[in-house]
Amino acid sequence: MVQDLLTPSQMALADSLAVEAGVPSLTLMENAGQAVAYEVTQRFPIQPVLVLCGPGNNGGDGFVVARLLEERGWPVRVGLLGEIGDLKGDAAVMARKWQGSVETAHPDMCRDFGLIVDALFGAGLTRDIDGEARSLVEAMNANGADVVAVDIPTGVDGATGEIRGIAVDAVLTVTFFRCKPGHLLYPGAGHCGELLLADIGIPDSVLDEIDVSLFENEPKLWQLPRRAKDGHKFAAGHCVVVSGDELHTGAARLAALGAARAGAGLVTVTGDRAALLVHASHLTAIMLAEITTADAFAGFLADKRKNALVIGPAAGIGAATRANVLAVLASDASIVLDADALTSFADEPDTLFFAIAEKRSGDVIMTPHDGEFERLFGSVSGCKVRRAREGASRSGATVLLKGADTVIAHPGGKAVVNATGTPLLATAGAGDVLAGIIGGFLAQGMSGFDAACAGAYIHGKAARAFNRPGLLASDLPGLVPDVLAELMV
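Residue numbers 1 to 489, in the working numbering, belong to the letters of the sequence shown in order.
Certain hints may be false.
Taking lysine to any residue pairs in the SDA-like style, the calculated list, with each CA pair at most 20 angstroms apart, reads [claimed, not checked]:
| hint | residue 1 | residue 2 |
| --- | --- | --- |
| 1 | 461 | 474 |
| 2 | 233 | 300 |
| 3 | 233 | 285 |
| 4 | 304 | 445 |
| 5 | 414 | 3 |
Derived by calculation from the structure, the hints in this document are not laboratory data.
Modelling step: build the complete structure from the supplied sequences, incorporating the hints.
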């Protein structure tokens, strides 16, 4: 099942559609509280627990958690932000089912507990946390207690992952039916701790009436290329990687190795003679071709078997790289534009966008980090998903906006958030390997969007497989085959 990401408003629609389909709203709330209570009892030893409830449906979930934990013999104390008489609808019903006392929530009560259930505000929060609510969040975080968040940690915007003034630091977040963007987008993702998705009885059929265009990146969204039993190397594509000068050759090698390990049948590194002499002392399975002008690139790529190209990693910033980019965009090859290939157009981005629009065939993928994105597109407001979509729409290319929460956006609006990232990837050259992996998938015939999604997912999985400090970018290509083998079972 593909993991759709629902905004809070889409989740509210899913709830209402479930009710229309015959699932009572009280049942949904009961099931949500039951899911949280179950995880608490499975993961923590029995102990006094504080349940902090807010004035809305998130608080109603909290009252269910409190009741079910007490039924299982847990000592439970309930604090309510607001007046119990002000509760409405299902939250009021669940509060009445709670037979224990309800205290006015105050920060001091947090000091007495090593386990707290945060049911103050859910994913639909649209304003900054202030006043007594802020004091409660500060007290929870200062106490060092294990906090289990209901739906999403209080203070995290479910639509964007932004922090609304302050946010709870949870060790576990239990959410329902589908995850929200804020669960995967930073900084909010950093407050969720372990994230669990619970089935509360909403039928999947409600998604037929919700226009979902954002997804969590996972293998069900794309299909990896597989070699035919009678295939040959040219059937697996030929990826070309453009090198920098002789002092800046490492990035191209990393990209070339990434492309080869991703399965490209042939990989060639191009550059001037001085650079190729350096490459020759390091590379064996990778071919070398001396190319020094944009016209030479155009002639080289006239051979349509050279069907994918990566340009940008340490290619150099300036007129020469701009000319090379424009030359390769005029070919039929699919192109990965990374690093210097993007920054070289910082003063004339429309020239690049026009060349992409005029491209006859082949896909174009841009792989900027935040700084490179801003140089090319300027300051774009909103969350990372909005920025990536804006970049894709303006440029006509698939945009892979890198980071701990890499977002891939198609010019048509579809986008995914990649959750396989790891801090281990914060090392020089990791992005060069990613560009190469994507190039390798393009060579094998994947579409630009699918190649970018698969590349980001596998790049992260490869780093996680290293599973210890000290990862070097040069370690990554060798880790890719095991990840591919696991996915192709």
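Handout entry: Ascending list of hint numbers which this structure does not respect
Key = Per hint list: zero violations.
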